[in-house]
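Asks: Residue-level listing of the chains:
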Amino acid sequence: MAESKLLRLLTTPFLIVYALWAVLFYQLAFTAWTLEYSVLGVLFVLAASLAFIYAFPRGDRKVVIRFTLFCVMASVGIASFASEPLAWRVIDFIVFLALALILGRFLISVKTRRLFFVIVAITLLQVWVPLGDLSTLAYFDIRYIGHLASPDSQVSSLPVAAIPDPTRPGLQEIVTLRGHTPVKSEAQSLINLANANPAHASSILSALKNLQRSYDVIAIRPGRLRLVTHYATTGELKQLPFSSLGLVNFPFTTAHFLTVANHTRMYLSLSASPGALLSMLLSPSTVATSIADLGLQTAATEQQNWRNVTGHALDQTSGLSIQNGYLTGVFHGAPVHFRTSGVAVLGVHRMLPPSVSSGFQAVVEGNNTIQVVALPPARPRVIATLHGSYLHPLTMDVVFADLTGNHQDALLVNTVPAQIFQLSSAGAWQRLWVSGRDSFRFETAFKRPGGDLLIVNSPSLMNAAKTRYLGGYVYRNGQLVRVFRVYHGNFVDLHTVHVTSTSQPELLTSVYSHQEIMMLGPQVLPWMLLVEAGFGLTLVVGIVRRFKGRRSA
Amino acid sequence: MKRHSLIWTGVVLCTALLTGCNLPSNTTLLTQQAVQRQPDPTGAQKVMAAFQQMNDVSTYQMKASIQVASGRFVRTVNFYGAVQLPNLVSMDETIGGANYLVYQDGSFAYQNSNGKWQPMQPITDLAPWHSMENLLTKDPPKVVYKLPDQTLVSWYCKIYQFKAAATGAMLGAPGLASARSVPHQALYTIWVDARSGKLRQIEVQSTVGVPGVGTASIDATQLYFGRNGTVDMTAPSSLATQIETP
Chain Z
9 MAESKLLRLL
19 TTPFLIVYAL
29 WAVLFYQLAF
39 TAWTLEYSVL
49 GVLFVLAASL
59 AFIYAFPRGD
69 RKVVIRFTLF
79 CVMASVGIAS
89 FASEPLAWRV
99 IDFIVFLALA
109 LILGRFLISV
119 KTRRLFFVIV
129 AITLLQVWVP
139 LGDLSTLAYF
149 DIRYIGHLAS
159 PDSQVSSLPV
169 AAIPDPTRPG
179 LQEIVTLRGH
189 TPVKSEAQSL
199 INLANANPAH
209 ASSILSALKN
219 LQRSYDVIAI
229 RPGRLRLVTH
239 YATTGELKQL
249 PFSSLGLVNF
259 PFTTAHFLTV
269 ANHTRMYLSL
279 SASPGALLSM
289 LLSPSTVATS
299 IADLGLQTAA
309 TEQQNWRNVT
319 GHALDQTSGL
329 SIQNGYLTGV
339 FHGAPVHFRT
349 SGVAVLGVHR
359 MLPPSVSSGF
369 QAVVEGNNTI
379 QVVALPPARP
389 RVIATLHGSY
399 LHPLTMDVVF
409 ADLTGNHQDA
419 LLVNTVPAQI
429 FQLSSAGAWQ
439 RLWVSGRDSF
449 RFETAFKRPG
459 GDLLIVNSPS
469 LMNAAKTRYL
479 GGYVYRNGQL
489 VRVFRVYHGN
499 FVDLHTVHVT
509 STSQPELLTS
519 VYSHQEIMML
529 GPQVLPWMLL
539 VEAGFGLTLV
549 VGIVRRFKGR
559 RSA
Chain W
53 MKRHSLIWTG
63 VVLCTALLTG
73 CNLPSNTTLL
83 TQQAVQRQPD
93 PTGAQKVMAA
103 FQQMNDVSTY
113 QMKASIQVAS
123 GRFVRTVNFY
133 GAVQLPNLVS
143 MDETIGGANY
153 LVYQDGSFAY
163 QNSNGKWQPM
173 QPITDLAPWH
183 SMENLLTKDP
193 PKVVYKLPDQ
203 TLVSWYCKIY
213 QFKAAATGAM
223 LGAPGLASAR
233 SVPHQALYTI
243 WVDARSGKLR
253 QIEVQSTVGV
263 PGVGTASIDA
273 TQLYFGRNGT
283 VDMTAPSSLA
293 TQIETP
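Keeping their order, the protein sequence lines are chains Z and W. Start counting the first sequence at 9; every next residue gets the next number (this note's numbering). Start counting the second sequence at 53; every next residue gets the next number (this note's numbering).
Treat the hints as calculated values from the structure; they're not laboratory data. Careful: at least some of the hints might be erroneous.
Stated by the list, open to error - For each label pair, taking beta carbons as the anchor points, the in silico distance ranges come out as:
| no. | chain 1 | residue 1 | chain 2 | residue 2 | range |
| --- | --- | --- | --- | --- | --- |
| 1 | W | Thr79 | Z | Ala59 | 53 to 59 Å |
| 2 | Z | Ser433 | W | Lys194 | 51 to 57 Å |
| 3 | Z | Pro172 | W | Thr83 | 32 to 38 Å |
| 4 | W | Thr80 | Z | Val491 | 22 to 28 Å |
| 5 | Z | Tyr520 | W | Thr79 | 54 to 60 Å |
| 6 | Z | Trp96 | W | Ile295 | 33 to 39 Å |
| 7 | W | Gly167 | Z | Thr475 | 30 to 36 Å |
| 8 | Z | Pro21 | W | Thr79 | 54 to 60 Å |
| 9 | W | Val283 | Z | Pro172 | 57 to 63 Å |
| 10 | Z | Trp96 | W | Gln294 | 48 to 54 Å |
| 11 | W | Gly249 | Z | Gly486 | 46 to 52 Å |
| 12 | W | Gln294 | Z | Ala90 | 34 to 40 Å |
Stated by the list, open to error - Simulated pairs of lysine-lysine, DSS-like, Cα-Cα distance not exceeding 30 Å:
| no. | chain 1 | residue 1 | chain 2 | residue 2 |
| --- | --- | --- | --- | --- |
| 13 | W | Lys115 | W | Lys168 |
| 14 | Z | Lys217 | W | Lys250 |
| 15 | W | Lys115 | Z | Lys474 |
Even for Gly, the Cβ is constructed at its ideal location relative to N, Cα and C.
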């Protein structure tokens, strides 16, 4: 008697665990197989489903299959209204719950009360992690998801950046934008502010004009329980170059920054009017120059805006900057002043093999070229140049990574197709790898002793579609060897950061067209393994029941 | 024997499955794109002839884009609309997900942004081939290449490519940027209808080094169609409403 009561009490928790497993398995295994292996993946799914169905004895099949499908369908149903405004979400949820329970009552021989708890559990799972983001659990734990809705459809993805956290030495904090929601009487307080500060009146009034379309610049750092948001101070922002946040829709929109009541704000304006752009286009012999000029102007204006607000004077990389055509600064105590065609410093790295030189080089980018410049103690000189063409332009879209762990960095270039270059000696570029797919992209790299883990966005193996998914690879014997795949297709602007841990790298990313940012960290629990073990366990339970049933019959 | 071959097939399949997830280096895309282009001594004349053939055009429709790639992103402006020479335009424009409209009838020129129409400077020359003709006469390219033929939409086209100066009126304040980083040249690709010898598409590619941003690569493509067809070019109703409503 007591035993059956205990069993009854445990049924609901068991059903909840099973439902969550079913949802996770569908997202992590079935979806992944189909996306990566296309038709073959569908065959895997069919095979796994058949194995699942026939593992259970005939009597159990009806309830097991119907309940499993119910859970998966409920999860997709709930996800379908996750992006709605709160009021609609609540209304839709209530309607959905009623319909799902009525359906469940007739189709599944599980008590309605229990189904109710199951749906609530699936909903809570999705409040914690949206269904579309569950796929990241294949390799990462989700450290932070920020829904930072912006008022402007012009911003397709929010820019993200990381800066040293002033309160926690050695660790970083996240800087990003959040759509500004005007509060009551904000307009009046801005008017008062403008009249009180005649010197800044014009910038305050333009903030007023763009109130509905402006963004707050915010910083995010770990609090006691979770990551918390605060308005970024100008002291924090001073460490960033304008290009970290200002290049939304560059060069077609210009970002304006201003400080209102100690909060830094951004708003966007068109760099050229629609009519001006059309007039540029209709003169093909000058359009390249007009757009180039638009780019130069926009960048100069934004740089000035950023400098005025944050006091950030120079874009410096390891103490080096480019001024008036010279690479200048101090490196390891020695002054550097070297004429270069570069316009931006990509980084300071060890580009030569250790057998040739163990010194550092500056890598600078000019108009469609990348130059490697020797740094002190060596005499500053250009030791190698890489040229792009109009068909394969070299933008700043490059990643540096130590492929083999010998302290020599390779240049991972996102041309179409993406390529890996390494210097075998001064002046001699060696092309180590070329992608066979044109949509393949290198994003960032995690430092590892035996060779860095390359974080990429790559298309699936057996599908001609260009859709990219997150992946991790290491370079071995001329191949990229797969370490992990996460079937999330919308990650852009990926950065390797150290926000919660100095030793283990985390991945900071913006989600395209979702106005959401995410931070992914190393896993505590191996979710993928657990979910796969769950599938095996379910099969075993089914077979055991089948075996028992046959013996008793 | 049979069993032996079965085992071997199994081994091969397993290795394929195991290594199948790795990405070997594959240079086919690179070599493919090293376009098989050949110098065409009469190319310049053919391109010029295509531009001159456009002189009898009175109306045309256009689908165009300006793409700028810098850093990790490619940003695009899309155009779609109709032109009636010499001075009528009705054009849809998409800049980063937001829609704009341009309407011009002679010296009456308006643009729509954020749902409001505002007067603008009328565009003077609406025939893009004029600017190309000028370029070819003033600064003829040294070599014109012929690319493999291609079907563009439904037209069989011959394709010519050349590098030439990207000169012209500079916008805004000169001296703002160092002269060095402004492109001196651009790569022009011209699609000429193989049957009628008329101009179908122009693509302009170039790059610029922007301080603090690095290289921005520029690609402007415009496709012409619906030549001398009939298009409704009356003013958009929202513009008329905005003007007429007190």
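Asks: Given the range 34 to 40 Å, decide if the beta-carbon distance of Gln294(W) to Ala90(Z) lies inside it.
Replies: Between Gln294(W) and Ala90(Z), where Cβ atoms are some 38 Å apart, the hint holds.
Asks: May I ask you to test the hint 57 to 63 Å on the CB atoms belonging to Val283(W) and Pro172(Z)?
Replies: Between Val283(W) and Pro172(Z), where Cβ atoms are some 58 Å apart, the hint holds.
Asks: Measure nothing beyond the straight line between the CA atoms of Lys217(Z) and Lys250(W); if it is 30 Å or shorter, mark the hint as holding.
Replies: violated, 49 Å
Asks: Using the Cβ atoms, figure out if Pro21(Z) sits within 54 to 60 Å of Thr79(W).
Replies: holds, 56 Å
Asks: Starting from the range 54 to 60 Å, see whether the pair Tyr520(Z) and Thr79(W) falls in it by beta-carbon distance.
Replies: violated, 30 Å
Asks: CB of Thr80(W) to CB of Val491(Z), is that within 22 to 28 Å?
Replies: Once the Cβ atoms are compared, 25 Å apart, the range 22 to 28 Å for Val491(Z) and Thr80(W) holds.
Asks: Tell me if the beta carbons of Ser433(Z) and Lys194(W) are separated by a distance inside 51 to 57 Å.
Replies: About 35 Å separates the Cβ atoms of Ser433(Z) and Lys194(W), which means 51 to 57 Å is violated.
Asks: Would the pair Lys115(W) and Lys168(W) pass a check requiring their Cα atoms to be no farther apart than 30 Å?
Replies: The given pair, whose Cα atoms are some 24 Å apart, holds under the 30 Å limit.
Asks: Is Lys115(W) close enough to Lys474(Z), meaning Cα to Cα at most 30 Å?
Replies: Holds. Lys115(W) to Lys474(Z) sits at ~23 Å (cutoff 30 Å).
Asks: A range of 32 to 38 Å was offered for this pair. Does it hold for the Cβ distance of Pro172(Z) and Thr83(W)?
Replies: violated, 45 Å
Asks: State, for the Cβ atoms of Thr79(W) and Ala59(Z), whether the hinted interval 53 to 59 Å holds or is violated.
Replies: Violated: the Cβ-Cβ distance is about 41 Å, outside 53 to 59 Å.
Asks: Given the hint of 48 to 54 Å, is the C-beta distance from Trp96(Z) to Gln294(W) inside that range or not?
Replies: violated, 32 Å
Hint compliance for this structure: hints 1, 2, 3, 5, 10 and 14 are not met, and every other hint is.
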